[in-house]
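Here the protein sequences line up with chains A and B, keeping their order. Okay, so the first sequence: first residue is 2 according to my numbering, each after it adds one. Okay, so the second sequence: first residue is 952 according to my numbering, each after it adds one.
Quick caveat, the hints were computed from the structure, so don't treat them as lab data. Just to be clear, a hint being listed does not mean it is correct.
Capping the alpha-carbon separation at 30 Å, the derived lysine-lysine pairs in BS3-like fashion look like this [unchecked claim]:
1. A:Lys-233 - B:Lys-1000
2. B:Lys-1000 - A:Lys-76
3. B:Lys-985 - A:Lys-246
4. B:Lys-985 - B:Lys-953
5. A:Lys-108 - A:Lys-225
6. A:Lys-348 - A:Lys-310
7. A:Lys-246 - A:Lys-108
8. A:Lys-326 - A:Lys-210
9. B:Lys-985 - A:Lys-76
10. A:Lys-76 - A:Lys-109
11. A:Lys-246 - A:Lys-109
12. A:Lys-326 - A:Lys-310
13. B:Lys-1000 - A:Lys-246
14. A:Lys-351 - A:Lys-233
15. A:Lys-76 - A:Lys-210
16. B:Lys-953 - B:Lys-970
17. B:Lys-970 - B:Lys-985
18. A:Lys-109 - A:Lys-205
19. A:Lys-76 - A:Lys-89
20. A:Lys-246 - B:Lys-970
21. A:Lys-225 - B:Lys-1000
22. A:Lys-310 - B:Lys-1029
23. A:Lys-326 - A:Lys-205
24. B:Lys-953 - B:Lys-1029
Between beta-carbon pairs, the in silico distance windows are [unchecked claim]:
25. B:Ala-999 - A:Gln-206: 45 to 51 Å
26. A:Gly-101 - B:Ala-1048: 45 to 51 Å
27. A:Lys-108 - B:Lys-953: 25 to 31 Å
28. A:Asn-308 - B:Val-977: 36 to 42 Å
29. A:Pro-87 - B:Ala-981: 51 to 57 Å
Glycine included, every Cβ here is placed at the ideal spot set by N, Cα and C.
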Amino acid sequence: MSTCRCLNCILPPHILRKLLDSKNAKLRQSALNTLLGTARLRGERSVRAALFATVAPTNGRRTIFDARHNNDLSKAVMVRSEGAEPVKDGTVNRAYDGFGATNDFYKKVFGRNSIDDRGMRLNGYVHRGIDFNNAFWDGQGMVFGDGDGEMFTDFTLSLDVIAHELAHGVTEFTANLEYHNQSGALNESMSDVFGSLVKQWSAKQTADKADWLIGADVTTPTIKIDALRSLKAPGTAFDNDILGKDPQPDHMDNLVSLPDTEEGDSGGVHINSGIPNKAFFLVATALGGNAWEAAGHIWYDSLRSSNPKTQFQEFADTTVAQADKLFGTGSAQQHAVIEAWTEVGLKPTKIPSNVVVSAVRGTDSQGLASLTKQIAALSDEIEELTREVTALRSSKPPARAAKRASRSK
Amino acid sequence: MKISLATSGGQAAGVYLRKPPLVLEVEKLAAAEKAELLRRLAAAAAEAKSHVAREARGADLMSYTISVDDGDRSFVLKRSDSGMQGAFASLLDWLQAHLSAKK
C-alpha cells in the first residue's frame, strides 16, 4: 500500500497533524487534504480553528488553498505549501510570494515572527466565490477574490492588498482594535499603512517615490480609477459615474457619520481611515527617506501600545509619546508627528512644553518639511550651546572656544 | 417572485455604499434553473431558522442581503463572510453565477 493511500485510510487526527509539519511536501499536502475533508463533514470554522491552533508555531509557514469559486471555504483544496515549487496558477503564486514578502518585512524591520509574533502559519484562500470584488482576513487566514473583471480584477495583484490583509492579523494580535467607528477606522488605517510600507520596502522606495495607493493593481481599464484608496490624498482615489466619488475625508472637519451597521461599513471604517492615513503620509514625507524606518517604527510601537477601544485622539497622543521614547523630546521625528496630526485636525493633547507647534490647515508637505528641518537645526544649535556652557563652567575649555583662541593668535 | 442581492462592506466599501442591489425576476428563468434556485432558496430559508449568527471576527468582510419578494410574502436572508457556509453559501454561489452570466 502506498504512503498516499495510507493517509487516506483511517489515521488518527494527532498523527495527521504531526504530518503537517513534515519536511516532505507531498505528505504535508495529503495530511492537509485529509483534515480538510474532515472539516467539510463536521462543519468548517470550528474544525479549522482547532486544526490550526494545535499545530506548533512554524515561523510563518505558508499554505495556499484554492476555494474553486465556492463561497464556502471548507470546499477549498490545498494547492501550494511552504517550500513547494511555483504552480501554474499565477494567483496562487502571487499569494504565496506576497505572504513571504510581508513576513520578511515584519521580521527584518520590526523583529516580528509572523502575524502573532509566535510564528503563526499564513493561510491564504484564492479564487473565492464568483466575481468576488474583495479580499479579507477571517481571523485565521486571508481570502482573495478574482474580481468581476469590470470593477476589479484579481486581488492578489496588489502586494499592498495582500499585506493589508495580513496587517489585520497583526492588529488582532496587538491592539485588537474593535472593528467599528473610530477604533475600526484606525484598524483599517493600520492595514493601509503597513500594506503600503511592505510595498515600499519590497521595492526599496523612499517616501517621496512611493505612490501611497492601495489596490492600484486591482483596478481595471473599464472602471478607470487610480486605486481603492490614497494615503497621500484621501478622497481622490476615484471619481466617475459608475463608482461615484471616493468618500474618504482627510481632516476631522469632514469626518463621515455612518451607522454602526454592516450597511454603514460599521460606522465608516473604510471611509474615515483616510484621516489617520493622511497623518502617516505627512509624517513619512516630512521626515523623508524610508517610511518604514522612523515613521513606521513610531506607528508600530503605537499600535502595540494601543487597546481595542483606542480612538483617533488617543492614538495621536500615543504616537507623540512613542516618538519621544524612540527619538527624544523635541526631536525632528516628534515634531513631524505633532505637525501631521495637527494638520488633519487632531492636535495632540500631550505635547512637551518645549515643543513649538505651528502647522495650520493647508500647509503643504514641502513647507512642513522645511519647518521641521529648521526646528531640527535649532535644536542641534541649542544642544551645542548647552554643551559649550557646561564646558565653560568646568575647568576644560570647549573645542570651539579653543579653536577661536588658536586662530586669533 | 423577485430576488435581490445587496452587498456591503469589504475593501471597496466606499463603492458599495452607493451600488444598488442586483435583481433577478424568477419567472423569467428557464424551468430547470427556476427549480434549482427555489430548491436552494428553500434550503437557505430553512437553515436561517436555526442559524445563530456568530460574532464576526476578521476584517474587510462583506455582508450579503438576499431579499425575496413574492407578492404578499417577503423575507430577507442575511449573512456575512464570517459565517459563509452551508445552504446560504450555496444559494449565494448560484445567484452570483447567474447574475454574472447575465452580464
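Do the hints match the structure? See the list:
1. Distance check on the hinted pair: A:Lys-233 and B:Lys-1000 sit about 47 Å apart at the alpha-carbon level, beyond 30 Å; violated.
2. Between B:Lys-1000 and A:Lys-76 the alpha-carbon distance is near 24 Å, which keeps this suggested pair within the 30 Å criterion.
3. Restraint check: the Cα-Cα separation between B:Lys-985 and A:Lys-246 comes to about 38 Å, which exceeds 30 Å; the hinted pair is violated.
4. Proposed proximity of B:Lys-985 and B:Lys-953 is supported: the alpha carbons are some 12 Å apart, at most 30 Å.
5. With a C-alpha separation of about 36 Å, the suggested pair A:Lys-108 and A:Lys-225 falls outside the 30 Å cut-off, and the hint is violated.
6. Restraint check for A:Lys-348 and A:Lys-310: satisfied, since their Cα atoms lie roughly 19 Å apart, inside the 30 Å limit.
7. Distance restraint check for A:Lys-246 and A:Lys-108: the Cα-Cα separation of roughly 38 Å exceeds the 30 Å cut-off, and the hinted pair is therefore not satisfied.
8. Our distance criterion of 30 Å between C-alpha atoms is met by A:Lys-326 and A:Lys-210, whose separation comes to about 28 Å.
9. Distance check on the hinted pair: B:Lys-985 and A:Lys-76 sit about 25 Å apart at the alpha-carbon level, within 30 Å; holds.
10. Our distance criterion of 30 Å between C-alpha atoms is broken by A:Lys-76 and A:Lys-109, whose separation comes to about 35 Å.
11. Restraint check for A:Lys-246 and A:Lys-109: the C-alpha separation of about 38 Å exceeds 30 Å, so the hint is violated.
12. Straight-line distance between C-alpha atoms of A:Lys-326 and A:Lys-310 comes to about 23 Å, which keeps the hinted pair within the 30 Å bound.
13. Between B:Lys-1000 and A:Lys-246, the direct Cα distance comes to roughly 39 Å. Violation of the 30 Å bound is thereby established for this hinted pair.
14. For the hint pairing A:Lys-351 with A:Lys-233, the CA-to-CA distance comes to about 26 Å; that is within 30 Å, so the pair holds.
15. Straight-line distance between C-alpha atoms of A:Lys-76 and A:Lys-210 comes to about 42 Å, which puts the hinted pair past the 30 Å bound.
16. For a cut-off of 30 Å, the pair hint linking B:Lys-953 to B:Lys-970 stands: about 18 Å separates their Cα positions.
17. Distance hint between B:Lys-970 and B:Lys-985 is fulfilled; the C-alpha atoms sit about 26 Å from each other, no more than 30 Å.
18. At most 30 Å may separate the alpha-carbon atoms for a hinted pair to count; A:Lys-109 and A:Lys-205 meet this at roughly 13 Å.
19. Of the pairs offered as hints, the one joining A:Lys-76 and A:Lys-89 holds, with about 20 Å between alpha carbons and a cut-off of 30 Å not exceeded.
20. Only pairs whose Cα atoms come within 30 Å are accepted, and A:Lys-246 paired with B:Lys-970 is accepted, the gap being roughly 12 Å.
21. Straight-line distance between C-alpha atoms of A:Lys-225 and B:Lys-1000 comes to about 43 Å, which puts the hinted pair past the 30 Å bound.
22. Note on A:Lys-310 and B:Lys-1029: the hinted pairing holds, with a Cα-Cα distance of about 27 Å set against a maximum of 30 Å.
23. Between A:Lys-326 and A:Lys-205 the alpha-carbon distance is near 27 Å, which keeps this suggested pair within the 30 Å criterion.
24. This hinted pair checks out: B:Lys-953 and B:Lys-1029 have alpha carbons roughly 16 Å apart, not beyond 30 Å.
25. Separation of B:Ala-999 from A:Gln-206 is about 49 Å and conforms to the stated range, judged on CB atoms against 45 to 51 Å.
26. Between A:Gly-101 and B:Ala-1048 the CB atoms are about 33 Å apart, so this pair departs from the stated range of 45 to 51 Å.
27. Between A:Lys-108 and B:Lys-953 the C-beta distance comes to about 53 Å, which lies outside the given range of 25 to 31 Å.
28. Against the hinted window of 36 to 42 Å, the Cβ-Cβ separation of A:Asn-308 and B:Val-977 comes to about 49 Å, which falls outside the hint.
29. Restraint check, A:Pro-87 to B:Ala-981: a C-beta distance of roughly 42 Å breaks the suggested window 51 to 57 Å.
The structure shown violates the earlier hints numbered 1, 3, 5, 7, 10, 11, 13, 15, 21, 26, 27, 28 and 29.
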